[in-house]
Amino acid sequence: MNFVIRAAAIAALFHITPVVVLVKRPDAVQSLLPGADAYTAREVHLSGRDAHRLHEAVDWSPEDGVVVFYAGTAGSTAVGALEFVRVDTPHGPIEVAVGFTPQGAVRGVVVTKATVEMKPWVLEAVAAGLTDHYRGLKPGGEAPGGAAGIASRVGSLAAYVAGEVDKGVARALAAYGAFYNHVRA
Amino acid sequence: MLYDLRRADVRIKWLVTGLLATLGLSYLFGAVMVALYAGFTPQSVAATYAGPEMSMAMPPETTMVVQRPMSMADFAGPEVHTVDTNLLIQDTHVHVPMYGLIAAALGVVVAGLSLPRRRALGLIGLLFAAPWLDFAGMWLTKLASPRFAIVTLAGGWAMAVAYLVVAALAVHQMWVSPERG
Numbered sequence: 015m016n017f018v019i020r021a022a023a024i025a026a027l028f029h030i031t032p033v034v035v036l037v038k039r040p041d042a043v044q045s046l047l048p049g050a051d052a053y054t055a056r057e058v059h060l061s062g063r064d065a066h067r068l069h070e071a072v073d074w075s076p077e078d079g080v081v082v083f084y085a086g087t088a089g090s091t092a093v094g095a096l097e098f099v100r101v102d103t104p105h106g107p108i109e110v111a112v113g114f115t116p117q118g119a120v121r122g123v124v125v126t127k128a129t130v131e132m133k134p135w136v137l138e139a140v141a142a143g144l145t146d147h148y149r150g151l152k153p154g155g156e157a158p159g160g161a162a163g164i165a166s167r168v169g170s171l172a173a174y175v176a177g178e179v180d181k182g183v184a185r186a187l188a189a190y191g192a193f194y195n196h197v198r199a
Numbered sequence: 144m145l146y147d148l149r150r151a152d153v154r155i156k157w158l159v160t161g162l163l164a165t166l167g168l169s170y171l172f173g174a175v176m177v178a179l180y181a182g183f184t185p186q187s188v189a190a191t192y193a194g195p196e197m198s199m200a201m202p203p204e205t206t207m208v209v210q211r212p213m214s215m216a217d218f219a220g221p222e223v224h225t226v227d228t229n230l231l232i233q234d235t236h237v238h239v240p241m242y243g244l245i246a247a248a249l250g251v252v253v254a255g256l257s258l259p260r261r262r263a264l265g266l267i268g269l270l271f272a273a274p275w276l277d278f279a280g281m282w283l284t285k286l287a288s289p290r291f292a293i294v295t296l297a298g299g300w301a302m303a304v305a306y307l308v309v310a311a312l313a314v315h316q317m318w319v320s321p322e323r324g
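Protein sequence lines, in the order shown, are assigned to chains A and B. Under the numbering used here, the first residue of the first sequence is numbered 15, with each subsequent residue one higher. Under the numbering used here, the first residue of the second sequence is numbered 144, with each subsequent residue one higher.
Okay, chain B solo, but in the shape it has when bound:
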């Protein structure tokens, strides 16, 4: 094969290492951002994406008022970060192309690894399937049932696992056990 990272020029190896390190950094901060705004449990993800739209009631015939006492502690209660439909449309429009480009970049790295063809195809498939799962889960959580939050979690973890596998294999093959001569 013409393109083989084991035998690649050191400049190519350095470029791929830089790409992996940069993507790793962005994934790390992506995980911190998820922890801050959506959480890692199906319940917290469902609360973020399902939102009140899942239980929207019909408006009353006439405007009515419900009063209840509040304490200062009620004002300080934890607020759930929510993503409504408009924001999810915009997020999908922005993130999916970027995820596609990231999957493509990592896929190019996979193509240069010494892997059996089936494993390489599977890994490239996982790189692209993970963001699909991520966003499919968000939309299904919003439109169908909060239970689909698990799909978003699966997609997020799949992205992390796919990145780690590609990065570990690439670093190992380029720098730890490169083919001699």
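Okay, chain A solo, but in the shape it has when bound:
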């Protein structure tokens, strides 16, 4: 019986719950590229060397070695670009949308997906103003510090998930800085 109880406890502890959509992608796009009426997907297929460089910098290998930026324009005016970055955690994946202004600064961050288990932690962190801490960050500048910024106002699990969002923003910044404007189509 002891074995059964321990097995059930381990299963409950390590079980990854399904991913749920917190903010639909179109809503995230409208929020991060306000006013845009045309969009372009810019798929950067990384060479082995660049993929290794990115991995060394932010401990991240994008899926299939492809980083996708979505650029938005309003008429002939650039509105900015955004990335959807996935962060794998022991509790399952989260997805973070990071939007940039045409000048290359972070315009905003939206957590678009999380597991059922992490959803309340994400909502608590966001309600505490997590995403405000990323605004204005630029590639190569200050590291994302959302988790530290809200640590005193939230529980430990919300602070933990904020650290994972920090990772997503750091990855988006590294990819944007290295590949958005420096590789020509």
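Among the hints, erroneous ones may be present.
Claimed, not checked - Cut-off 20 angstroms, straight-line C-alpha distance, at most; resulting in silico cross-link-like pairs (SDA-like, lysine to any residue):
1) 38/A to 218/B
2) 38/A to 219/B
3) 38/A to 180/B
4) 38/A to 215/B
5) 38/A to 217/B
FYI, nobody ran anything at the bench for these hints, they're computed from the structure.
Fit chain B to the given chain A structure using the hints.
Positioned in the frame of chain A, the structure of chain B alone reads:
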């Protein structure tokens, strides 16, 4: 036989009924979860487990860019829930022991049924084989070919059928036609 659910004390019958009802509820929600995240067709299961890893290309010599126009509708397109290798390792580690315990619990129920020995052995074999098929299908779909998604579907249906057979026989023998005296 010492252990016979037909003649068992009503407390044992009540315990087995509670176990079957609880497992039935979890199976029901398991089916809803499969419908939400993987689907019941070989194509949808293959899309969940095979993922992009099946068609992974070599990285280019130099980093290159491909651009294409997007519409808002493209952002809203259906997204396929995928299970990558790391997640499947974790899922296997967690689910297989639990499936084993569930099969064992149902197997204990089968041992108390009035069934010919061969049928009982076959039913217990099916209880354990079904989760093996389920996970073998997932791994084969990921590592060998998306065509093996059918094995996962077969495993899932086998689990459902085995549960229903055990539950129907147990309820019938315990409550509908228990042995008198």
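Each hint tested on the structure:
Proposed proximity of residue 38/A and residue 218/B is supported: the alpha carbons are some 9 angstroms apart, at most 20 angstroms. Distance check on the hinted pair: residue 38/A and residue 219/B sit about 8 angstroms apart at the alpha-carbon level, within 20 angstroms; holds. At roughly 17 angstroms between alpha-carbon atoms, residue 38/A and residue 180/B fall within 20 angstroms of each other, so this suggested pair holds. At roughly 11 angstroms between alpha-carbon atoms, residue 38/A and residue 215/B fall within 20 angstroms of each other, so this suggested pair holds.
The suggested pairing of residue 38/A with residue 217/B holds, with an alpha-carbon distance near 12 angstroms, which does not exceed 20 angstroms.
Checked against the numbered hints above, the structure breaks none of them.
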